Amino acid sequence: MTGSRVLPVGLLYQMWETPAVSTAALVERALDDFAHAEALGFDAVWVGEHHFVDKDRDFYGRIAHPEMLLAKAAAEIPRVRFGTGVKVLPDISATRAAEEMCMLDLLSGGRADFGIGQGTGYSGEQRLERQKVYRQRVDHILRLLDRATDDELPTLTFDDGARVRANLWAACRDDDSIDDAARHGLNYVVGQAENALSQAEHIRRFRSAGGTGTVRGVRAVHIAESWDRAWAEFEEAFDMYGAIFTGPDHRYTREAVAAGHIPETPSTVDERLRQANVILGTPAQVAEQLREYIDVTGVDRLDLLVQFPGLPATCTRRSMELFAGEVWPELEPVLIGS
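Take any residue in the sequence shown, count from 1 to its spot, add 778: that is its number in the working numbering.
Keep in mind that the hints were calculated from the coordinates and are not lab data. Note that the coordinates shown come from a computational prediction; the quantities given were computed from them, not determined experimentally. We put the beta carbon where it would ideally sit given N, CA and C, even for glycine. It cannot be assumed that every hint is accurate.
[Unchecked claim] Taking CB as the label site, the calculated pair distances span: (1) Glu979 <-> Val1047: 24 to 30 Å; (2) Glu1099 <-> Val1047: 23 to 29 Å; (3) Gly897 <-> Glu930: 22 to 28 Å; (4) His1039 <-> Glu1110: 27 to 33 Å; (5) Gly1076 <-> Glu1108: 38 to 44 Å; (6) Ile1114 <-> Asp1048: 26 to 32 Å; (7) Glu1110 <-> Ala926: 24 to 30 Å; (8) Tyr900 <-> Thr801: 24 to 30 Å; (9) Thr1092 <-> Ser1045: 14 to 20 Å; (10) Ser800 <-> Asp917: 35 to 41 Å; (11) Gln1063 <-> Glu1014: 18 to 24 Å; (12) Asp938 <-> Pro856: 15 to 21 Å; (13) Gly963 <-> Ala802: 36 to 42 Å.
Sequences and hints are given; from them, build the entire structure.
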């Protein structure tokens, strides 16, 4: 345990699980994990937004409205910040999104962060249209939070729009939306699904466009006392999770292969892990790879994806403990004060 020490590192829970695990059981486990994370010193927990059962996979996300789970967590866990990872703006009105953000900010006592994004799984004209709608939603939400005098928008009932605004995190990768985030003074987040070199390009774009907000990056991580033990614990979960990144339809993988960042057909476990952007191993091995990730991307903050479908809670919590006790001291010189 880290005692009173607070690590400037968060966790991301996508809340993916197999059909054999009920949503009620997964939520109960997650709340226990969040409390454990606070005891270890982590300073934030983010929860992913997912809708519907994906019949093409062996697992699916369970939380369609993260704000409800996060409000409960904030009422039970007094220090950790809680974030939406991420709120899919094209599928909801700007007024509704702003109202939900303000309510979570109120209920959490200002301990809420709001990742905002466009949603995944779209291509071609549909993706371009969602990018456009996303930027419109962001603009409207900011005007609502700023209480702009505008006949087109209502005046919302909330107390601290400025605090909500300061805790917005744009999750986008197209140039227009990145430029828009920089122009609006938002924070920026790059997720676990994309390789570090591609993320670095987006972050450079954000900074060159004038972005001054904090940048946080997410990496999928599993840690154990030995590499063999880490892989033995993780292999079954990885067979499910890693399938996201295979096949011609996965855009991030396709682009990474085209850029020469990864081989088209991974032939070893290490190459498979790299294709899925998973960092696995001993505390020393994970620390080395995370230092490299921070150096390549230039992120200011780090979040860890530690919960995977099929991975027992005991393994997740041990991984968290090893990070807090053995990995963080190696990263502290890099991230402290960020």
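Hint-by-hint comparison with the structure:
Separation of Glu979 from Val1047 is about 27 Å and conforms to the stated range, judged on CB atoms against 24 to 30 Å. In this structure, Glu1099 and Val1047 meet the distance hint of 23 to 29 Å, their C-beta atoms being roughly 24 Å apart. The given range of 22 to 28 Å is respected by Gly897 and Glu930, whose C-beta atoms sit roughly 25 Å from each other. Between His1039 and Glu1110 the C-beta distance comes to about 28 Å, which sits within the given range of 27 to 33 Å.
Between Gly1076 and Glu1108, the C-beta spacing of about 18 Å breaks the proposed range 38 to 44 Å. Against the hinted window of 26 to 32 Å, the Cβ-Cβ separation of Ile1114 and Asp1048 comes to about 30 Å, which satisfies the hint. Between Glu1110 and Ala926 the Cβ separation comes to about 42 Å, which falls outside the hinted range of 24 to 30 Å. At roughly 26 Å, the beta carbons of Tyr900 and Thr801 sit within the given window of 24 to 30 Å.
Taking 14 to 20 Å as the suggested C-beta distance range, the pair Thr1092 and Ser1045 does not conform, at roughly 32 Å. At about 40 Å, the CB distance of Ser800 to Asp917 agrees with the hint of 35 to 41 Å. Here the CB-CB span from Gln1063 to Glu1014 is close to 21 Å, well matched to the stated 18 to 24 Å. In this structure the supplied range 15 to 21 Å holds for Asp938 paired with Pro856, their Cβ-Cβ distance being about 19 Å.
Checking the proposed 36 to 42 Å range against Gly963 and Ala802 shows it holds: the Cβ atoms sit about 40 Å from each other.
Checked against the numbered hints given earlier, the structure breaks hints 5, 7, 9 and satisfies all the rest.
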